[in-house]
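Protein chains in written order, with the working numbering: chain X, 69 to 477; chain P, 2 to 230.
It is worth saying that the hints were derived from the structure and are not from the lab. Keep in mind that this is a model prediction, so the values were computed, not measured. You may find that some hints are simply not true.
To be verified - Derived PhoX-like pairs (lysine-lysine); straight-line CA-CA distance at most 25 Å:
{"id": "1", "chain 1": "X", "residue 1": "70", "chain 2": "P", "residue 2": "124"}
{"id": "2", "chain 1": "X", "residue 1": "376", "chain 2": "P", "residue 2": "77"}
{"id": "3", "chain 1": "X", "residue 1": "332", "chain 2": "X", "residue 2": "78"}
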Amino acid sequence: MKWYTYLAIKQLFPTGKRVSFFTAISVLGVALGVMVLFVVQSVMDGFQRNIRQAIVGTQGDLRVDSKSPIMDGDDVDTFLKSLPEVAATAKYSYGIAMMQRDKRPAFPIIKGIDLENELRVVDLQKFIKCGTLENFDSGGVILSGELARWMRANVGDSVEIYSPKMMENEDGDEVILPKTLEVAAIFETGYHHADQNIALLPLDVMQELYGLNGWIHGIGIKLKPNVRAEKFAFELNKCLNPPILAESWQEMNRDLLFALKTEKTMMFFVLLFILLMAAFSIAGSLTISVVRKTREIGLIGALGGTAKQCAACFMVQGLVLGIVGSAIGIPLGMAVIRFRNDIVSAFVKLCRVEDFMLKFYAFSNMPAQYGARDIFVIVAFAIALCCIAGILPALKAAKINPAEALRNE
Amino acid sequence: MSNIIAELRDVRKNFQDSLIFSGIDLWIEEGETIGICGDSGSGKTTLMNVLGMLDRPSGGSVIWEGNDVTGERSSKLSKLRPKLFGYIFQRCNLIPELNVLENLLFPRRIVTGVEQSDVDFAKNLLKRVSMSGAESRNITTLSGGERQRVAVVRAMMNHPKIIIADEPTGSLDERSADAVMDMIVGLCGEYGSALLLITHNGRFAKKMNTSHKLHGGKLEKIHRWSRES
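Construct the entire structure; sequences and hints are all you get.
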């Protein structure tokens, strides 16, 4: 071990003492910064994972869609099923209709689905909060959570649907009769966009409401494992005739995913200031240490140490503080993540904001997810900042003339 | 002719406009002991620093083992210095984060790295200065005399050719000062190192082979005893 590394470690962890006060405070500062950064990034990742799961769970990996109805839907479906990357397909059609219950109207997006195939493509069953799918094909409707709440509809209630086709009454003397369907189930994904205003109907009912004569609007696709949706969509589009177009779930939700990614990045940079403050505190303490150890620096010069080596001694101290702080901060963060629900629960009870949390953050269990990459990035930033913090005192140490330092006696 | 280890030739030093000393000629031979005394502020420590090239002279030459090192780069001087000079300061300058043995081995760590032979040498020297068993003691628990003895041993660790002792007994009582002084002279004699003693104490200066007085920026020889006497 080089002498300056040895001395740096000894100055932080002196012989005969467990740890110096300066080291304890500096390490704690870095550890807390790393911990907060790790916890926030993990929770953000957890939320992102939940939202991604909700998106893929409700939309499938890929959609083959068209601006106008697809007349040869069966042919396209057969072609897609023949592709080796495709695990399952489900035809659908969609549009907007007026829905009414007890004179309480809503204008949801209605989506006609072939339930048997749809269940192979999306995780609908997973998101069903009440009711069953058994009665769906015999005139049932599945409502999204928020739509059901707005219409005050429960499982077993009837809802009336008016489609745009019904308005095309040329004579004007016909009485328009709505389609009445029974609420078979209510689903909730936890993802606001998917839960907001959607009603799922049997495909044949939807086709009848819109007068589609067996046409469809698109086909949802479930890909086999390890097939990348974006790449497959790109390849598939080479085989499809416009206006039929394949879009991966990432492309369909590009804005949302970009916002999530940006949010995570912004949070990282905002929280990096905590580490920056810790680094400044280290820089301050090390600079004081340089002043306090002026005579020692002079002595090292007399013993044969160079100015660069003296500077390296203080740089290494910054590096060691970064490494030790990170080594403590990451396990501390993992412990917080491990007990996050207990911590949140205690906080919620203490502040009496349980309903508020559920309403606005839509979780009772806080999601969290972390990977090696996140840990690497956080640790790398923490160590880099601590090293930078060591530069200022190092430069000061390098400027000290040994003779003047010894005269300091 | 005697073997000259370090030499100052017509050396001058001034800080900005203030002249500290000029026309200094001084040479240190192998195994020789030299005392330099003078009033406070006369430039004794500066002279010591110039000889060790911790401070560069404003004029003249510094010669180490026959080579003029006056214009040499600091990094090269840092490599040469510990082989030639061992320093003892008035305030010991021990590193408080290291224990006694770690302090003693630190000069070795800077120059070559520590080997078992260095540990054995340090322990032997500690024994020699009556501090056997103090290896793992914390510096803060040592008395002033003990600290200075550790500093003396540390100066010997690199087997330097010259020990430069700057007021090594300045902060000790008379009895401890005598003991430490005898120890320095004894160890230098034992290991063949020359000794340059900077002191206020004329009594200690007279114990040296040669004594000089730095006064008014000039170095005057007070006396020279033959080594045999």
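Structure-based check of all given hints:
1. 70(X) <-> 124(P): holds (23 Å)
2. 376(X) <-> 77(P): Holds, because 13 Å separates the two Cα atoms, which is no more than 25 Å.
3. 332(X) <-> 78(X): violated (39 Å)
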